[in-house]
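Work out the full structure, taking the sequences as your base and the hints as a guide.
Counting with UniProt numbering, you get residues 1 to 174 for the letters of the sequence shown.
To be clear, the hints were calculated from the coordinates, so they are not data collected in a lab. Check before you lean on any hint, since a few could be wrong.
Unchecked claim - What follows is a set of in silico ranges between Cβ atoms, one per label pair, in the way DEER data are often shown: (1) Ile79 <-> Ser155: 14 to 22 Å; (2) Asp161 <-> Gly77: 34 to 42 Å; (3) Asp125 <-> Ser47: 16 to 24 Å; (4) Asp45 <-> Glu140: 16 to 24 Å; (5) Gly74 <-> Ser139: 22 to 30 Å; (6) Glu42 <-> Gln135: 22 to 30 Å.
Stated by the list, open to error - Simulated crosslink set (DMTMM-like; lysine to aspartate or glutamate; CA at most 25 Å straight-line): (7) Lys61 <-> Asp130; (8) Lys61 <-> Asp30; (9) Lys86 <-> Asp110.
All C-beta atoms, glycine included, are put in the ideal place defined by N, C-alpha and C.
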Amino acid sequence: MKGKVLFSLGMAAALLVGCGNQSITVSKNDVLEVAQDDANVESKDCSDVSVKKGVDYYTVKFTTDKGSYSYKIGLNGHIQSRSYNKSVSGKTSKNETKTTEQKTTNTSFDEKQQAAIDAVLSNMDLSQSDVTDIQCTLSEDGSQYTVTMINNGTSIQAIVDANTNAVTSTIVGQ
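In C-alpha cells:
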C-alpha cells in the first residue's frame with residue numbers, strides 16, 4: 001500500500017514538472033493585438049502595420065491618427081520596450097526630424113565604436129539615417145560602450161558590451 005501511494009505521488013510530481021517545462025509562444029497576430037491593446041487603439045485605426053519575428057522578440061510597428069508606435073515584444077508575449085512618436089495635426093513628426101538632421105553634423109567614430117552603434121541600431125530595428133545626435137563613449141574600464149541617439153525626437157540610450165557588441169541595456173524616452 002505504501003509503495004502505491006509513493007508511486008502515485010511520484011507520478012503527480014513528474015506530471016507537474018512536465019507542465020512547468022512547457023514554453024509559451026505567441027503568433028504575429030497575438031503580438032499585434034498585445035501592442036494595439038497597450039496603445040489603446042483598434043485594428044481598424046491602424047495603418048502601415050509591420051510585424052517582424054526576430055530571434056528573441058517580435059518588432060511591431062504601426063501608425064494611427066495619434067502617432068506612430070513601435071514595440072519590441074518577447075516570444076512569450078511580454079512587452080520588452082515601446083516607443084511612441086506623437087503626430088502633429090494628423091501628420092507624424094518626420095518633418096521635424098528632417099529639419100533636425102540637416103542641422104546635425106556627423107561625428108566620425110572608430111571601427112569599434114561604429115560596431116557598437118550598429119549593434120544598437122540593429123537591436124532597435126533602425127538605420128543610421130533614422131537617428132541623429134549619435135554619441136558613443138567607452139567606459140573607464142573599457143568593458144562597455146554607452147551609445148546615445150535621438151529617433152523622431154525620442155532619446156535612446158544603450159549599453160553595449162565592448163568585447164561581444166551585445167546590447168545589454170536599452171532605455172527609450174528618458
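Hint by hint, which ones does the structure fall short of? Numbers 2, 4, 6, 9 - these are the hints that the structure violates, sorted from lowest upward.
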